[in-house]
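Undergrad: First to last, the protein sequences are chains A and B.
FYI, the numbering for the first sequence is 6 to 302, going by the numbering used here.
FYI, the numbering for the second sequence is 578 to 854, going by the numbering used here.
It is worth saying that the hints were derived from the structure and are not from the lab.
Incorrect hints may have been included.
Stated by the list, open to error - Per label pair, the in silico range of CB-to-CB distance:
1) A:G182 <-> B:L683: 22 to 28 Å
2) A:M96 <-> B:G614: 17 to 23 Å
3) B:D720 <-> A:P229: 22 to 28 Å
Just so it is clear, CB atoms sit at the ideal spot from N, CA and C, and this is done for glycine as well.
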Amino acid sequence: MGAGRPAHGLGEEMSAMQAGPTVVRMVLGGRLRQLREAKGITPADAGWAIRGSHSKINRMETGRSGFKRRDVSDLLTLYGVHDETERRGLMMLVEKANVPGWLAEYADVLPGPAGTRLELEQCARVIRCYDNQFVPALLQTADYARALIRLHRPGAPPAEVERRLGLLANRQQILRGPGPCRLWAVIDEAALRRQPGNAAALRRQLQKLADITRLPHMKIQVMPFTTGVAAGGAITLLRFAEPRIADIVYLDQFAGALYLDKPADVQHYGQVMDRLCTRAEPPAVTPALLSRIIKEI
Amino acid sequence: MTGDQSGYSWNEAEKDLMEGIDTTVPHSARIWNYWLGGKDNYPVDRAAGDAFLKAYPGMAAEARANRQFLSRAIRYLVIEAGVRQFLDVGTGLPTADNTHEIAQRLNPACRIVYVDNDPLVLAHARALLTSTPEGVTDYVDADLREPGKILDAAARTLDFSVPVALILSGIMGHIADGEGPHAIVGRLLARLPSGSYLMLQDGTTVSQANADALEDYNSSGAIPYHLRTPDEITRYFDGLDVVEPGIIPIQQWRPDPAEPAEPYADVNTFGGIGRKK
Numbered sequence: 006m007g008a009g010r011p012a013h014g015l016g017e018e019m020s021a022m023q024a025g026p027t028v029v030r031m032v033l034g035g036r037l038r039q040l041r042e043a044k045g046i047t048p049a050d051a052g053w054a055i056r057g058s059h060s061k062i063n064r065m066e067t068g069r070s071g072f073k074r075r076d077v078s079d080l081l082t083l084y085g086v087h088d089e090t091e092r093r094g095l096m097m098l099v100e101k102a103n104v105p106g107w108l109a110e111y112a113d114v115l116p117g118p119a120g121t122r123l124e125l126e127q128c129a130r131v132i133r134c135y136d137n138q139f140v141p142a143l144l145q146t147a148d149y150a151r152a153l154i155r156l157h158r159p160g161a162p163p164a165e166v167e168r169r170l171g172l173l174a175n176r177q178q179i180l181r182g183p184g185p186c187r188l189w190a191v192i193d194e195a196a197l198r199r200q201p202g203n204a205a206a207l208r209r210q211l212q213k214l215a216d217i218t219r220l221p222h223m224k225i226q227v228m229p230f231t232t233g234v235a236a237g238g239a240i241t242l243l244r245f246a247e248p249r250i251a252d253i254v255y256l257d258q259f260a261g262a263l264y265l266d267k268p269a270d271v272q273h274y275g276q277v278m279d280r281l282c283t284r285a286e287p288p289a290v291t292p293a294l295l296s297r298i299i300k301e302i
Numbered sequence: 578m579t580g581d582q583s584g585y586s587w588n589e590a591e592k593d594l595m596e597g598i599d600t601t602v603p604h605s606a607r608i609w610n611y612w613l614g615g616k617d618n619y620p621v622d623r624a625a626g627d628a629f630l631k632a633y634p635g636m637a638a639e640a641r642a643n644r645q646f647l648s649r650a651i652r653y654l655v656i657e658a659g660v661r662q663f664l665d666v667g668t669g670l671p672t673a674d675n676t677h678e679i680a681q682r683l684n685p686a687c688r689i690v691y692v693d694n695d696p697l698v699l700a701h702a703r704a705l706l707t708s709t710p711e712g713v714t715d716y717v718d719a720d721l722r723e724p725g726k727i728l729d730a731a732a733r734t735l736d737f738s739v740p741v742a743l744i745l746s747g748i749m750g751h752i753a754d755g756e757g758p759h760a761i762v763g764r765l766l767a768r769l770p771s772g773s774y775l776m777l778q779d780g781t782t783v784s785q786a787n788a789d790a791l792e793d794y795n796s797s798g799a800i801p802y803h804l805r806t807p808d809e810i811t812r813y814f815d816g817l818d819v820v821e822p823g824i825i826p827i828q829q830w831r832p833d834p835a836e837p838a839e840p841y842a843d844v845n846t847f848g849g850i851g852r853k854k
């Protein structure tokens, strides 16, 4: 994550708790409840085990309070979770739930639901996305993104535009560094040819995509016009490190994003993504398609 | 089984889009994904997977044992046999520890060719089964019934003058007796140099409950799967030097003391490793 992440001093952990990202807490809390119920342990007994009350457990499980690492670790032991991978996945969520980090600094340009979306994105292990209008945000160059922001927010003062660009650059950090998030994108040819700014900016954007195709953790598939397959709009599917935490889907719409976490909805868009990725050109073809489009711009 | 069991109503554009992906017939790679705790499966697969487990409850543990044996076998092949090249036919959907991840963790320079004929499996594999910078992973769209095509395509990535490990993990049952499963394995091995290895595991007829469950599955409209006797599994290794302890129930093949031992009632999946002379 970005630079705003505090070290693990107790005081910082306490203060971070007050502003902890809501949905991550809900996801983690829901999982803790599942684990507790599977063991037939009452909230009162679980509370006792972590030196608290049943209402402390209820607050944690409904995402209404933050988490201390020690409490979650003790609960996982009580619930018989000894598998290191699962424990690590859940403890990682504890950190995400407690540390708004750099995201909190962008509250001015992030209304509640948008902030929630980015909190979840920052926890994802695999991001599958589809776009038929524009290059997906996590893959955008600054110039391309600047042009899009100006299109969508014609009156935005330059300072706000720069704030939004800073936010985007921070978001993109999840794709860098050791153990980065995986990104699997299907981009429609239309999105690759549309010019939110000028031709030179689009060429640089496409060149960036071409450079990305050399990275093992980022795969781009192009849906060519000749395939004739398209979904209604942009789709993002987030998958988390902890295998028992359900996937989450976002549908980008003009006025914001629609958040879907009901199993039937997530299932439905999982199948749509499967269909799109099986119909799009395989990742190995992407560099050739990009260089052809770059030449034609 | 008929109809999309999610109960989701598809709009017209989505119906067009989905044309060609059959969400009404169970699919073996997606059922295995379900048994292994993955999320890349559909309602029809979960229904078929649950029906299978109802008839043969041992299958869930057997599916996990299959992956654990794959892990131990790859470790043996990399560490003790010194193999650096793998031809894995019947990739399946990505799961926790995939062949190239196990091999490249031990030696990042390992080269792996994954082969499958299912478009969904290939799409997931190309996106997610990606190599270390030092090694290579490649993906071949081919059917097990076309060993020549598999070998020609694999030769783009693998050097057939150096030993290759052929991995056939829970795949041979896709070949009916009349299609010559043993001859197919023989043809795949024929082009590999001396010192190459075969790792093979598959379900057997030992458990009647498994055979009954599979009979129901095969009548569901899914691509049928064929169980063989332990002797028939052993025959895949004819002419090879079989690595100790032999072709046996996979749970008993060099168990790893560090691995949590899975309690199992049936010994139904047989497998092992053989070395080409």
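Undergrad: Each of the hints needs a verdict: does it hold here or not?
TA: How the hints compare with the structure:
One distance hint, 22 to 28 Å for the beta-carbon pair A:G182 and B:L683, holds here, with the actual separation near 24 Å. A beta carbon spacing of about 19 Å between A:M96 and B:G614 agrees with the range 17 to 23 Å that was offered as a hint. For B:D720 paired with A:P229, a C-beta distance near 26 Å keeps the hint of 22 to 28 Å intact.
Consistency with the previously given hints is maintained throughout, with no hint failing.
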